[in-house]
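Mind docking chain B on chain A? Use the hints.
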Amino acid sequence: MSEMPVFGGSALALAYDLEARLSEWEAVRVKMARAVADGFTRDEWAYLVQFVSRANLLAAFEQSIGPRGPGPIATTLRPRSPIAVWLPNNVSALGPLVLVLASMTGGVIRVKSGSQSANLCRVFVDYLRANASGGLHDQMQHRVSVEQFDRHDPRNAAMAAAAEVRIAFGSDDAIQAIHALPHPPDSVGISFGDHQSEAWLEAGALDDNAIATMIKVFAIYGRAGCTSPRRAVLLDGTLAQCRTVAARLIAAWPSIVRQDVPMHYASLNVMHQQLNASHGWEVAMAPRSAALVGVAAAEHPAMSGLLSLAIVPATIERAMALLPANIQTIGYCVADPRALVARLAQTAVKRVVPIAQMHHFGPVWDGVNFFRQMFAPVDVSR
Amino acid sequence: MSVDSLLQGAPFGDRDDAELLDELNALTRWHLDGCPGYRAVWPQFDGARSFDELPYLHVGTFKHRDWRTAGPGLTHQRTLTSSSTTGIASRVVLDAKSGALQSASTASILRAMIGGEQRPLVILDHATALRQRGEVSARVTAALALQPLASSIHFVGGEPIDWQQVVAACRASERVIVYGITWLLWTAWGAADLPNEVRAMLSTRQVQFVHSGGWKRLERLEVGREQFDQALLATAGPGSSVLDFYGLAEQVGVIYPLCGAGFRHVPRWAAVVVRDPWTQQPLLRQPGMLQLLNPLAWGAPYHSVLTEDLGRVVDGPCPCGFGGQRFELLGRLPRAEVRGCGNV
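Chains as they are written, first to last, in the numbering used here: chain A, 1 to 382; chain B, 1001 to 1344.
Worth flagging that the hints you see were computed from the coordinates, not collected in a lab. Please note that the accuracy of each hint is not assured.
To be verified - Okay, the calculated beta carbon distance ranges per label pair:
no.	chain 1	residue 1	chain 2	residue 2	range
1	B	S1002	A	D38	52 to 60 Å
2	B	E1328	A	G134	53 to 61 Å
3	A	S133	B	Q1230	43 to 51 Å
Since the model is a prediction, treat every value here as computed from it, not as a measurement. Glycine included, each C-beta is placed from N, C-alpha and C at the ideal position.
Only chain A is shown next, with the shape it has when bound in the complex:
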């Protein structure tokens, strides 16, 4: 075992060799780049390939704990283990992403996935068991388990009772129920609950590339992701400008998203087109029922529909006043973001990023440095 790696003056008491593990991830990453594993979309897999890069994994330590390097060691951090992760039915690639970060602690990980979901965590762990080598393979084989059961299963209680860290995704009610299970008093509970995000745009900054980015960011999960823009606010815009943006999005959609949505989504888009129109939205549907884009005043009741993107005009002041209490990410596309970022930092928003980065996942999430919380400080006299 090499010396403990040091980040931000904290020595990490990892039970594995960090450099070796990063190399093992790089090796498996080469294999991942060759073909998409069943169950993942191409975009999800591409993001995962990027996520497990050496640079990104090191960045997780640096962003969460501090810059790597020698220097005085102020504290020692011990990985908390075991880590229990609860994923609900419809969770996206966030499941595997959390698993990757949790695995960097070297601890034992037990994942409960939804009883009906396409189990991306299971797929990814199986992939790593088949394709990884060395300590990474051994960890996936012997220290990571993914099980599929429902919220009434007694294994939920067993997970909570044993875990030093509980990571819960889902609705606020589901998360409360998980953390209400008997658990060790000094364990840590991390919650990724009901959040929503918005895109804030300036008409002048929306070149064709930005329009394409907006479509990509929205189309991957529609409004189902906590980082998906549930609406786009055209800052200091007018309804007429919103209509123009909507028309550009609709026109560009088929060239950006080439694959048909599932038949059922196409049908739901027809339904929501009609419901939203009946409620006063000006709604246009992208070709082949791929998505809806609606225009109305910022105060109009929200559009319905998974693949419904609302474009509303508002001043910055009005947009800030209308932010939902559970706002997570503001994705921006503006000429000069500095002033906007400074103002948004005074709100409850958790992330302010360019629209292209809205779905980027990191060790600080929902305003919580959760990766750091997977380590416990150890008081070591020197």
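Only chain B this time, still in chain A's reference frame:
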């Protein structure tokens, strides 16, 4: 011409398309005038030259808002609610004018399929289902569509069936009608162990089984149509038969019976259009989403509904002998999982 004249005569035969189209155009304008929400959905409509140019409402919209058309001579009554496997029931606002037309329509269709003779009607449901204030379930409505053919009505419950009530109904006549939604008729009757007294009585009666509601649950039990029919007929006397009809709460008044050749038949006062699920363009002879149209709905714009059922219109005369439009019902749209962060 009027809807009343359309309802005259046998239901399954050559349709006067021009007459029906006129009625549907007029009805569409009626709803555009009387229902602002509908007008917001179809603001550009200025008349259809064919059935496939007629506006429609997606069937799912009835789960999320109440549609209601105001107009002279209309009295809105109870709200029809559908059973639902998704947890959200469809709601269709009924009115007296449409109700009369819808009753005449279903009675005509059923008479064509099972004869006009009045018989005891055994309904696999509870009478309490009739007593909900302001609402009536689609399940009860489907059962009561048989009322014109009933000499008496016997609610015999669901699971378990009150078999003494069944025996009482059978004592009244040599021929009886038994109605149940498809899965209940199977679990409570076809797959059940009938008491000997009931079995003996039924073996001497000509039973017309009628069911609706679809095969979704039975598919999970891997029960096929042949097995279903055989199990029911094994409990009944000579001359008994089984009739399956397709209908929607959002198309109350028109039912599409399954013929012996395996096709659903469309009465002369209704039409079926098949649409591409992604473009909504009409399809000829290819499978797609079914749009169902009829001129019976005045109190709300459910005269033209885009369903989430897949089907295919079939040309040419049907081997069963019925004329008019017919289609093959191919099942529901396949569902896809919504992926996100688990908080929607």
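Pairwise beta carbon distance, B:E1328 to A:G134, judged against the given window 53 to 61 Å: Holds, at about 57 Å.
For the hint 43 to 51 Å, verify it against the beta carbon of A:S133 and that of B:Q1230. violated (59 Å)
If I claimed the Cβ atoms of B:S1002 and A:D38 lie 52 to 60 Å apart, would that claim hold in this structure? At roughly 59 Å between Cβ atoms, A:D38 and B:S1002 fall inside 52 to 60 Å, so the hint holds.
Hint compliance for this structure: hint 3 is the single one not met.
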